[in-house]
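Participant: Sequence:
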Amino acid sequence: MREDTGDLATRSAKEHYMRTRPFAFYHQATCRPEEESVLSTNGSYPSGHTSIGWATALVLAEINPVRQGEILKRGL
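Letter by letter, the sequence shown follows residues 1 to 76 in the working numbering.
It cannot be assumed that every hint is accurate.
What the hints assert, rightly or not - Label-pair distances were calculated between CB atoms; the ranges are:
1) F23 <-> G69: 34 to 40 Å
2) Y26 <-> T56: 37 to 43 Å
3) E34 <-> P65: 40 to 46 Å
4) V38 <-> A13: 28 to 34 Å
5) S40 <-> K73: 43 to 49 Å
6) E62 <-> H16: 36 to 42 Å
7) D7 <-> E36: 16 to 22 Å
8) H16 <-> L72: 23 to 29 Å
9) I63 <-> Q28: 20 to 26 Å
10) D7 <-> I63: 31 to 37 Å
11) L60 <-> H16: 27 to 33 Å
12) P65 <-> S37: 30 to 36 Å
13) A9 <-> V38: 18 to 24 Å
14) H16 <-> V38: 28 to 34 Å
Read the hints as simulated data drawn from the structure, not as lab findings.
Note that the structure is a prediction, hence the values are computed from the model and not measured.
Idealized CB from N, CA, C, for every residue including glycine.
Build the full structure now, drawing on both the sequences and the hints.
Facilitator: Below, the structure written as structure tokens:
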């Protein structure tokens, strides 16, 4: 569910910006060569991992409002 949320949150922006991933721009290999062909054709910005982390922090902050400030600070 978290990965789907991150994907949905970033898909339209990635399609709009289509920022080339650094490994593709610099023609460098990655540590995951089996994924390079897929990753080189989708944008690197905005980051799906960042979106997943922030979405998770927002949910956790709602669940635990006493520690909301700490959670959101870590979620950045």
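Participant: Each hint needs a verdict: does it hold in this structure or not?
Facilitator: Hints, verified against the model:
Remark: the range hint 34 to 40 Å for F23 to G69 is upheld by a beta-carbon distance near 36 Å. Taken as a hint, the range 37 to 43 Å is violated for the pair Y26 and T56, whose Cβ atoms sit roughly 31 Å apart. Separation of E34 from P65 is about 43 Å and conforms to the stated range, judged on CB atoms against 40 to 46 Å. A beta carbon spacing of about 18 Å between V38 and A13 contradicts the range 28 to 34 Å that was offered as a hint.
Restraint check, S40 to K73: a C-beta distance of roughly 34 Å breaks the suggested window 43 to 49 Å. For the hinted restraint 36 to 42 Å between E62 and H16, the CB-CB distance of approximately 29 Å leaves it violated. In this structure the supplied range 16 to 22 Å holds for D7 paired with E36, their Cβ-Cβ distance being about 19 Å. Checked against the given bound of 23 to 29 Å, the beta carbons of H16 and L72, roughly 27 Å apart, stay inside it.
The hinted window of 20 to 26 Å between I63 and Q28 is violated, with their beta carbons roughly 41 Å apart. For D7 and I63, the Cβ-Cβ distance of about 22 Å falls outside the hinted range of 31 to 37 Å, so the restraint is violated. Here the CB-CB span from L60 to H16 is close to 29 Å, well matched to the stated 27 to 33 Å. Checked against the hint of 30 to 36 Å, the pair P65 and S37 fails, with Cβ atoms roughly 44 Å apart.
The hinted range of 18 to 24 Å is satisfied by A9 and V38, whose Cβ atoms lie roughly 19 Å apart. Range check, H16 to V38: about 19 Å between beta-carbon atoms, so the 28 to 34 Å window is missed.
Against the hints set out earlier in the document, violations occur for numbers 2, 4, 5, 6, 9, 10, 12 and 14.
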